[in-house]
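Protein chains in written order, with UniProt numbering: chain U, 1 to 251; chain E, 1 to 251; chain W, 1 to 251; chain V, 1 to 251.
For the record, the hints were derived by calculation from the structure and aren't laboratory data. Beta carbons are placed, not taken as given, at the ideal position from N, Cα and C, and that holds for glycine. Warning: the hint list may mix true and false statements.
[To be verified] Chain U regions said to be covered by chain E (calculated; three or more residues, Cβ under 8 angstroms):
# : stretch
1 : 81-92
2 : 139-152
3 : 162-176
4 : 239-250
[Stated by the list, open to error] Interface residues of chain E toward chain U, partial, derived using beta-carbon atoms under 7 angstroms:
#  : residue
5  : Ala82
6  : Asp85
7  : Glu164
8  : Val185
9  : Phe248
10 : Ala251
Number of protein chains: 4
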Amino acid sequence: MTEQNQGAIRVTVWGENVHEGRDESVRKVYPDTMHETIAAALRDKLGQDVVVRTAWLQQDEHGLTEEVLADTDVLTWWGHAAHGDVDDAIVDRVQQHVLSGMGLIALHSAHFSKIFIKLMGTTCSLDWRAENDRELIWTVAAGHPIAQGIPHPLVIEREEMYGELFDIPQPDELVFVSSFSGGEVFRSGCCYRRGQGRVFYFRPGDQEYPTYHQPEVQQIIANAAKWAAPTSPRQLPTVHHRKNPGWFEKA
Amino acid sequence: MTEQNQGAIRVTVWGENVHEGRDESVRKVYPDTMHETIAAALRDKLGQDVVVRTAWLQQDEHGLTEEVLADTDVLTWWGHAAHGDVDDAIVDRVQQHVLSGMGLIALHSAHFSKIFIKLMGTTCSLDWRAENDRELIWTVAAGHPIAQGIPHPLVIEREEMYGELFDIPQPDELVFVSSFSGGEVFRSGCCYRRGQGRVFYFRPGDQEYPTYHQPEVQQIIANAAKWAAPTSPRQLPTVHHRKNPGWFEKA
Amino acid sequence: MTEQNQGAIRVTVWGENVHEGRDESVRKVYPDTMHETIAAALRDKLGQDVVVRTAWLQQDEHGLTEEVLADTDVLTWWGHAAHGDVDDAIVDRVQQHVLSGMGLIALHSAHFSKIFIKLMGTTCSLDWRAENDRELIWTVAAGHPIAQGIPHPLVIEREEMYGELFDIPQPDELVFVSSFSGGEVFRSGCCYRRGQGRVFYFRPGDQEYPTYHQPEVQQIIANAAKWAAPTSPRQLPTVHHRKNPGWFEKA
Amino acid sequence: MTEQNQGAIRVTVWGENVHEGRDESVRKVYPDTMHETIAAALRDKLGQDVVVRTAWLQQDEHGLTEEVLADTDVLTWWGHAAHGDVDDAIVDRVQQHVLSGMGLIALHSAHFSKIFIKLMGTTCSLDWRAENDRELIWTVAAGHPIAQGIPHPLVIEREEMYGELFDIPQPDELVFVSSFSGGEVFRSGCCYRRGQGRVFYFRPGDQEYPTYHQPEVQQIIANAAKWAAPTSPRQLPTVHHRKNPGWFEKA
Numbered sequence: 001m002t003e004q005n006q007g008a009i010r011v012t013v014w015g016e017n018v019h020e021g022r023d024e025s026v027r028k029v030y031p032d033t034m035h036e037t038i039a040a041a042l043r044d045k046l047g048q049d050v051v052v053r054t055a056w057l058q059q060d061e062h063g064l065t066e067e068v069l070a071d072t073d074v075l076t077w078w079g080h081a082a083h084g085d086v087d088d089a090i091v092d093r094v095q096q097h098v099l100s101g102m103g104l105i106a107l108h109s110a111h112f113s114k115i116f117i118k119l120m121g122t123t124c125s126l127d128w129r130a131e132n133d134r135e136l137i138w139t140v141a142a143g144h145p146i147a148q149g150i151p152h153p154l155v156i157e158r159e160e161m162y163g164e165l166f167d168i169p170q171p172d173e174l175v176f177v178s179s180f181s182g183g184e185v186f187r188s189g190c191c192y193r194r195g196q197g198r199v200f201y202f203r204p205g206d207q208e209y210p211t212y213h214q215p216e217v218q219q220i221i222a223n224a225a226k227w228a229a230p231t232s233p234r235q236l237p238t239v240h241h242r243k244n245p246g247w248f249e250k251a
Numbered sequence: 001m002t003e004q005n006q007g008a009i010r011v012t013v014w015g016e017n018v019h020e021g022r023d024e025s026v027r028k029v030y031p032d033t034m035h036e037t038i039a040a041a042l043r044d045k046l047g048q049d050v051v052v053r054t055a056w057l058q059q060d061e062h063g064l065t066e067e068v069l070a071d072t073d074v075l076t077w078w079g080h081a082a083h084g085d086v087d088d089a090i091v092d093r094v095q096q097h098v099l100s101g102m103g104l105i106a107l108h109s110a111h112f113s114k115i116f117i118k119l120m121g122t123t124c125s126l127d128w129r130a131e132n133d134r135e136l137i138w139t140v141a142a143g144h145p146i147a148q149g150i151p152h153p154l155v156i157e158r159e160e161m162y163g164e165l166f167d168i169p170q171p172d173e174l175v176f177v178s179s180f181s182g183g184e185v186f187r188s189g190c191c192y193r194r195g196q197g198r199v200f201y202f203r204p205g206d207q208e209y210p211t212y213h214q215p216e217v218q219q220i221i222a223n224a225a226k227w228a229a230p231t232s233p234r235q236l237p238t239v240h241h242r243k244n245p246g247w248f249e250k251a
Numbered sequence: 001m002t003e004q005n006q007g008a009i010r011v012t013v014w015g016e017n018v019h020e021g022r023d024e025s026v027r028k029v030y031p032d033t034m035h036e037t038i039a040a041a042l043r044d045k046l047g048q049d050v051v052v053r054t055a056w057l058q059q060d061e062h063g064l065t066e067e068v069l070a071d072t073d074v075l076t077w078w079g080h081a082a083h084g085d086v087d088d089a090i091v092d093r094v095q096q097h098v099l100s101g102m103g104l105i106a107l108h109s110a111h112f113s114k115i116f117i118k119l120m121g122t123t124c125s126l127d128w129r130a131e132n133d134r135e136l137i138w139t140v141a142a143g144h145p146i147a148q149g150i151p152h153p154l155v156i157e158r159e160e161m162y163g164e165l166f167d168i169p170q171p172d173e174l175v176f177v178s179s180f181s182g183g184e185v186f187r188s189g190c191c192y193r194r195g196q197g198r199v200f201y202f203r204p205g206d207q208e209y210p211t212y213h214q215p216e217v218q219q220i221i222a223n224a225a226k227w228a229a230p231t232s233p234r235q236l237p238t239v240h241h242r243k244n245p246g247w248f249e250k251a
Numbered sequence: 001m002t003e004q005n006q007g008a009i010r011v012t013v014w015g016e017n018v019h020e021g022r023d024e025s026v027r028k029v030y031p032d033t034m035h036e037t038i039a040a041a042l043r044d045k046l047g048q049d050v051v052v053r054t055a056w057l058q059q060d061e062h063g064l065t066e067e068v069l070a071d072t073d074v075l076t077w078w079g080h081a082a083h084g085d086v087d088d089a090i091v092d093r094v095q096q097h098v099l100s101g102m103g104l105i106a107l108h109s110a111h112f113s114k115i116f117i118k119l120m121g122t123t124c125s126l127d128w129r130a131e132n133d134r135e136l137i138w139t140v141a142a143g144h145p146i147a148q149g150i151p152h153p154l155v156i157e158r159e160e161m162y163g164e165l166f167d168i169p170q171p172d173e174l175v176f177v178s179s180f181s182g183g184e185v186f187r188s189g190c191c192y193r194r195g196q197g198r199v200f201y202f203r204p205g206d207q208e209y210p211t212y213h214q215p216e217v218q219q220i221i222a223n224a225a226k227w228a229a230p231t232s233p234r235q236l237p238t239v240h241h242r243k244n245p246g247w248f249e250k251a
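Just chain U, same shape as in the assembly (with noise of 0.2 angstroms):
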């Protein structure tokens, strides 16, 4: 895979892959799938920078086996209306490899899915509505690499609200706060470090709205990409029992 881009990201897009197949207005706006759209522009955007491939659901294992997940800096991750379809031991499977350093960009509804509960450790819960509303995204991490390139605000002229109280760890960054046109808010780019990884929470991306064709969103998707891949070897944190080395004793 990275015999032709020496040192390139390598980017797995995966995609729930369900309201494609069922309902012709997610297909009207993503007649190629959510997930390849999203692969198409990371390749745009990132070109040499990175290789990308996809993975969905309905794949055995959900794509996601081993070898793939060994062979990924930075996993996204969409999903919606098939959460509990998620195999736990594939879930368990993904966190070892953030937890060993793998990064991992959680898009939208993807905060109810089970991987992402898992890494928060709480609901994940937030209010919503599906009305067409405005959405405007504020930089307030100033400098931060997640928002470089950003117009300040980035306006989705459509899109679902979602609302707060979402219910998350405090983020260890906070990147991006929407509005919207009822007038809520929400935390809409959160950064969090879990084991040797990092995790990346954003908020866009409704399958009933074209979200993920605009080039700012989709910038950032790749300045996360960018920001999430790991710096160090790969390792999963593990218990060591260590022998006093004698460098200090008790007097």
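Fit chains E, W and V to the known structure of chain U by using the hints.
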């Protein structure tokens, strides 16, 4: 001061007291001055749990003598038109008390006060507009004591707008986020620890609007006073030359 | 339970209660069991401010029925040898109560309890050695209520060593850091908010050492109980479908 | 400066350069001065990825003219004996550049430099002892880029001791914690964001010890330089009067 109310929180409400003297519009909204309005609100909300005094810019030493500060658990600060007239020596004195454990509640345009900038280390700049925006204040920290009993959202019908990017260090705890009728957002309730002291920044309260008459706003300031009160004896962190106590030794 | 002590903090001290039954060495240190020792310490330190009960693994539902948890402000948890014997359904129940506002104090080897791992989302692994190390516990959060009245450092003459890297999310507040006679360090007092609840991890307390008989250790657990007690009504964060209230509209 | 190394990080290594002139003991350890030693180490570790210059107290404007700072991505700062001799106007200038995006690495006794205190807002006081302690530096942030390739622990055979309580704001990310032969601990690698800039405090480096000759210490400073380099165009956060763009309106 504390004879009648053993264990009461001793609050000093500091007011710049400039607009009240020169602007008819402000006098109409705050005929008793802004600081007396805030002081009365704290007495009303906290009853026997608080002892409140006021101090203002035009007093000797701005009313913030060593004796007053030593007898103050929590200081609230409102300033806007005359930040530059505050004596640097008094600012240093207030900072020493905050770092020793005195709580500080910085209100609205106090984001540009010398004391707040000094404690933050950043420009504390922001975007603004004074055109009767409606402000919605949303709680983003579930169960935080400063948000206790506050509606979600708290609606302020008319206020000045403050928008991001608010150039502050990332808050230790972010409690409130506001949105405005122009679609802007703002981190409007921010908790910090500095030295032994706790600092809370609370956004609303432009002099032209009756914000400090609003019971929910008063409740937040009362909650914050309880949160910011010291729980340990006051003590300024200082350098100590520490002898090796001989617990451990180099082997 | 609360008739006699209006406003008292209701603490449930949970013990695994396995070592006490099978290990003569532990019975000698804790003839009344570890959980009864901790419970007595809390009663001693907090007096009328607390009502304490105990519960343990071998009871029906591990003593943690819905009724008990609903009547508990703060739950302390000690486990080591039998983490796997704790029923997943009970763990889920405890988690729901924490996210609703119940405080949780995870003690020592509870770093590997199901409930702590579930709330953290990481492996919670660490380094260790059980060879009578001396532990020094240093306060790094000036003026924090959990450190109130605690010597700097607090010296524990003999303890198991826990060393970094401790695989936890970065604490919302880091209160204590320990060093050991082997030169290792450990983040030994860690505060988190999860949902509406507060979580405190406190390192010392291996079953082979008399740590929970030491007054300063007891004081820290008492301080933590006060810190972790909820200040708002208990409520699990949940999803709400929010109608547009019409404050603002798309122009 | 950047002709030969397009994309290289431009580092300015600033030295107080007082001990080197007056203390024979320091000259023996650092015959080329401390700042030239650090500069050479960065060139050695980062090669083509860096362009390094030096500046020092005794130069005009301490060598930190507007031109130099505008051409600097990351500034490292070592000072100890002459903090008071640094011109306040230069400190303000450096602060403006940090808040605009220039990285700052504060080394050892720079905890008491005017620039570090100004960015922190606290006393930055600590405990100390200069008696050839052994220091162990432990990584507590798994997979952090500043810790990449660093042994766990990193052992420094002889150093001055710095102990808690270190009066700093809680770091945005805590990377390293040290222990000393006297049993003391210290948060020895601390990351902050201030404005658009990144600040890293790194503890070791007393003038009497050969710390900056140690390859692992050099590697940490090199890692920090990469971490602290700006990723966005330099820009000082400033106040903007924002007109209502008319996206939303009060209903």
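Looking at the structure, which of the earlier hints fail to hold? Failing hints, ascending: 1, 5 and 6.
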